[in-house]
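J.: Position in the sequence shown counted from 1, then plus 638, gives you the working numbering.
A hint or two may mislead.
Stated by the list, open to error - What follows is a set of in silico ranges between Cβ atoms, one per label pair, in the way DEER data are often shown:
# : residue 1 : residue 2 : range
1 : Asn705    : Asp663    : 15 to 25 Å
2 : Asn705    : Pro662    : 27 to 37 Å
3 : Ile660    : Gln681    : 15 to 25 Å
4 : Gly706    : Pro662    : 24 to 34 Å
5 : Asp663    : Gly706    : 31 to 41 Å
6 : Glu666    : Asn705    : 17 to 27 Å
7 : Pro702    : Leu665    : 26 to 36 Å
8 : Arg697    : Asp663    : 25 to 35 Å
9 : Gly683    : Asp663    : 13 to 23 Å
The set of hints was computed from the structure by calculation and includes no laboratory data.
Ideal Cβ placement from N, Cα and C applies to all residues, glycine included.
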Amino acid sequence: MRETAQQTQTRTAIPRPASLAIVPDRLERMWAMTPAQRRQAAQHGQLSLGEMLKWASRRPHEVPIVNGEWFFITAYLADAAAPTSRT
């Protein structure tokens, strides 16, 4: 029997910082944090992209700005623009 590309590919989980997932319990804990605790958690990769977007939409004045964008958007843009090495 012939294998298809779909059968041979393995999926890797999206790391939490890049995930749009929003877990209600985690969101509740995020809102219980102080603004400084939220910034620290986000900068240490402890919040998902979905959680950071919720934070930015509800309290945009708390989110650090880098080059005119929320810091987490700037980080994703930098990652996307980074050249990949070829082997």
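J.: Taking the hints in turn, state whether each one holds.
T.: Results of checking the hints against the structure:
{"no.": "1", "hint": "Asn705 with Asp663: 15 to 25 Å", "in the structure": "violated, 33 Å"}
{"no.": "2", "hint": "Asn705 with Pro662: 27 to 37 Å", "in the structure": "holds, 32 Å"}
{"no.": "3", "hint": "Ile660 with Gln681: 15 to 25 Å", "in the structure": "holds, 19 Å"}
{"no.": "4", "hint": "Gly706 with Pro662: 24 to 34 Å", "in the structure": "holds, 32 Å"}
{"no.": "5", "hint": "Asp663 with Gly706: 31 to 41 Å", "in the structure": "holds, 33 Å"}
{"no.": "6", "hint": "Glu666 with Asn705: 17 to 27 Å", "in the structure": "violated, 32 Å"}
{"no.": "7", "hint": "Pro702 with Leu665: 26 to 36 Å", "in the structure": "violated, 20 Å"}
{"no.": "8", "hint": "Arg697 with Asp663: 25 to 35 Å", "in the structure": "violated, 19 Å"}
{"no.": "9", "hint": "Gly683 with Asp663: 13 to 23 Å", "in the structure": "holds, 19 Å"}
Checked against the numbered hints given earlier, the structure breaks hints 1, 6, 7, 8 and satisfies all the rest.
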